[in-house]
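Asker: For the protein sequence lines, the chains are A and B, in the order given.
FYI, the numbering used here numbers position 101 of the first sequence as 94, with every residue one higher than the one before it.
Numbers given in the numbering used here equal positions in the second sequence, counted from 1, plus 12.
Just so you know, the hints here were simulated from the structure itself, not pulled from any lab data.
Owing to the predicted nature of the structure, the values given are computational and were not obtained by experimental measurement.
Ideal Cβ positions, reconstructed from N, Cα and C, are used throughout, including at glycine.
A portion of the hints provided could be inaccurate.
Pair ranges (Cβ atoms, derived) [claimed, not checked]:
#, chain 1, residue 1, chain 2, residue 2, range
1, A, D103, B, L248, 37 to 45 Å
2, B, E180, A, A110, 27 to 35 Å
3, B, R79, A, E60, 52 to 60 Å
4, B, I157, A, D103, 44 to 52 Å
5, B, A247, A, Y15, 32 to 40 Å
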Amino acid sequence: MFVSIVDFGSQWTHRIHRTLTYLDVESKIIPVTTQFSEIKNSDALIISGGALRIGIGGAEETGNTKEYLEKFEGPIMGVCAGQQFIGLHFGGKAQPAAGPEYGKVELVIDEHDDLFAGLPDKFTVWASHNDEVVNTPGFSILAHSKACSNHAFKSHSRPIYGCLFHPEVEHTEHGSEIYSNFLKIVKR
Amino acid sequence: MPFDAEKFIQKSVSETRALVNGGKAIIGVSGGVDSSVAAAISSRALGMNIKCVFVDTGLMRKDEAHRVKAMLATAGVDLHIVDASKVFFEALKGISEPEEKRKIIGAEFIRVFEAEASSFGAKYLVQGTIAPDWIESGSGLRATIKSHHNVGGLPKKMGMTLVEPLHELYKDEVRKIGAALKLPADIYNRQPFPGPGLAVRIMGEVTPQKAQIVRVACAIAEEEIEKAAHEGKMALPWQYFAVLLPVKTVGVLGDARAYGNTIAVRAVESMDGMTAKACPIPPDVLERISDRITRELKEHVNRVVYDVTSKPPGTIEWE
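If we strip away everything but chain B, and leave its shape as in the complex, we get (with noise of 0.2 Å):
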């Protein structure tokens, strides 16, 4: 039987009731499509006893904190913002392994909630967890393919219970719960972004200003693959960004040498994330965005390359 998303939502809702039992929870939403549907769950749920928290870290597309506040407030959930982009950055100046990363970050975000459940008086969290993410977080048998940051990136010791209604399903799954919730379709047809952020997208150190140079080439991907999709040109492809290279090449600008850095686009599709190939994009626009990466970065970047991996053998993120 096709996946129920009404039927989903009746025993879910119950479900949350019963596990926080009259206690308070607090949720993070980081605006992205799981913990979104998971926001609006919860506080079908739990109504007043539930705080919904964005933490900007520093790492999130342009302009994320606003968008997301306005985007949620239509569907009725009142996001509180907390600023924690220099405990982030601080925490992971000198680290360059994806891993330690992504461990780094969980432990973070744990130590944010915490505060906020603490203030709140919540004894419970709860997260837009889905399937992939414990899956390839690893465990027992199953390979440890990257520790998400809500799974294998949470730290041992933590003083609140988690409440993960999304646990078992995909993408796709949760796109259709969202759609049954009425929600603004902006919100649920938006394309996946990873917990760590762009810390993933950063290969090697994270710094504030590398942070920023891959959120403008990201949002530059953005634009254009989603003005080509509009024109016609391209489906709209499952996920689509950059990704900063610590390779340096030599370029020529205005004439002059440069010895600049790398920015690797990918956009792939795929339904669930398990598996993904990569997106055929037309000439023109790949051209269109290397011309805007270069010219708008050009203290910075001087090449940009096209990712055609699939998964496997490759990942969607890079880290």
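Isolated chain A, as found in the complex (with noise of 0.2 Å):
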């Protein structure tokens, strides 16, 4: 299996790179800009978070990563900015959050099926946002925390998920186990 990191500029998204070598899954971090043909046998895409305000213009700096979401048939994951950039992108709202949260969120699961699947129904993640994305169409909300209702969603009709929090730091509990159910729906 080998998996693409786009790479949307996080502190983190080497820390993505990290956990899946560790789940023994290769990937690779691709800068904004790699051509689709580049990334299209790729089993699964993960974008990462970032600082880009996606809501209020950093969305435009995403380079080549909305022709990767129209074009990639595998499963894709967005963290951070990365979700907030797949519901922009699917027709939701991203805009600076009500509740911004840096550190300790107590996350609260709203559905178990394959991305939550037997974990807890709530337990301690890491967060660090100013925005989020709420109101897309044809996404269900998987988490929420108090201060955000949309921590993590899915798609309806394609394998795309999204989280908020980041599942890829050392402080966020069975944060592992996240990115490993992501790649048991990648074994599909």
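With the hints as a guide, dock the two chains, each given alone in a separate frame, to form the complex.
Answerer: Next comes the structure, spelled out in structure tokens:
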């Protein structure tokens, strides 16, 4: 299995690579300027977080990512800014968060299917976001926190997922299991 | 698959040997985990063709140069100490902006290394750079959080080729390599210490006097926390230190009014430095740290505070 990690410039993009390596999955971090032809044979895409303010101009700096979302047929997962970009692309509203969160957050799981399979109803995750995405048509919410209604979502029609929190960092509980669940979806 | 240190060492020794290709290299060793492990790997790869240089910037911990030399000697690394403290303090005069400080320090390090490389005939500079260093230094879409002296602080022009065997690793993995290399545990279990040294624990302009104040405060915080951990009162934090703040507050010392500086104590638990949480320190340990700092530094400090911020939103060091 091979995963391309689209780099939106997160402090934790390389942690996604490390998490996948520890799960025995090969991956490569690629810049947003990469041609689609170079990544189309990947088994999955993960779009990282980053300092880009997706809802207020940052989406302009995401290079070819829009094309990846249109043409890539395999599973896709977005993290933080990556999730917001997915939401925005499919008609949601990316905007400054009503309740920005930095550090520890208590995550409440609304839907345990696939991404959160086998995980507790509530656990601690680590977040670092100024913005959020809401009202994405064709997506359902999988998790929320007290401050934020959409901490994870999935598409009804394609294997596309997103988390606003960061499953790749050490302080997030069950982070590696979330990636492992995503990789199970890839194997299907 | 979890990290395989043995495999990494084999690969990295042969890659370093191939890269330097019969030439000579120098390595900057601060005595921290990363540079010590990089020194051990490159010594294995290059034998007599590497010179290990420790730069005393005047911004080191208490007794650091001697302690590090002795510690590395037990690992078979012969450390060459260069006292450059005057040059560093001179270059930092009047500078209070953190990024400017870091860049000046990066450039001064390279000047010392260039002089050492030239006398040794080395064309390569080995550094113990690890992933968080280049990640936080930023590039392209990645924001600069802080310019690490060995990455973002490097001058644009330098006459040496960089060799960075630990570039893709995090601290926990580097510690595993240290253990696999059979280095003394004191070396690979050491708490992290920033490359720019105490300069980033002095908010505002760096002076020899402020360096001395924060050095004493750091030593007290380290001693008391290590003692408490040894007595089983708390777990030994990942990193623990003191910061000198440019905030003056009113106090009362021996019935007289005092108007002195503030020291912040920080202790965090982390695994890789990319996320961190403030450590719960028992109140009596905090009290003892405060008592000792305000007594032993009574001319300068009359208030001690404890930093409870996570990373994010804070970083581990204050600058």
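Asker: All the hints need checking, so say for each whether the structure fits it.
Answerer: Hints, verified against the model:
1. A:D103 / B:L248: 37 to 45 Å: Given a distance of about 39 Å, which is inside 37 to 45 Å, the answer is holds.
2. B:E180 / A:A110: 27 to 35 Å: The hinted range 27 to 35 Å holds for B:E180 and A:A110, with Cβ atoms some 31 Å apart.
3. B:R79 / A:E60: 52 to 60 Å: holds, 56 Å
4. B:I157 / A:D103: 44 to 52 Å: Between B:I157 and A:D103, where Cβ atoms are some 33 Å apart, the hint is violated.
5. B:A247 / A:Y15: 32 to 40 Å: violated, 24 Å
When held up to the earlier numbered hints, the structure conflicts with 4 and 5 and fits the remainder.
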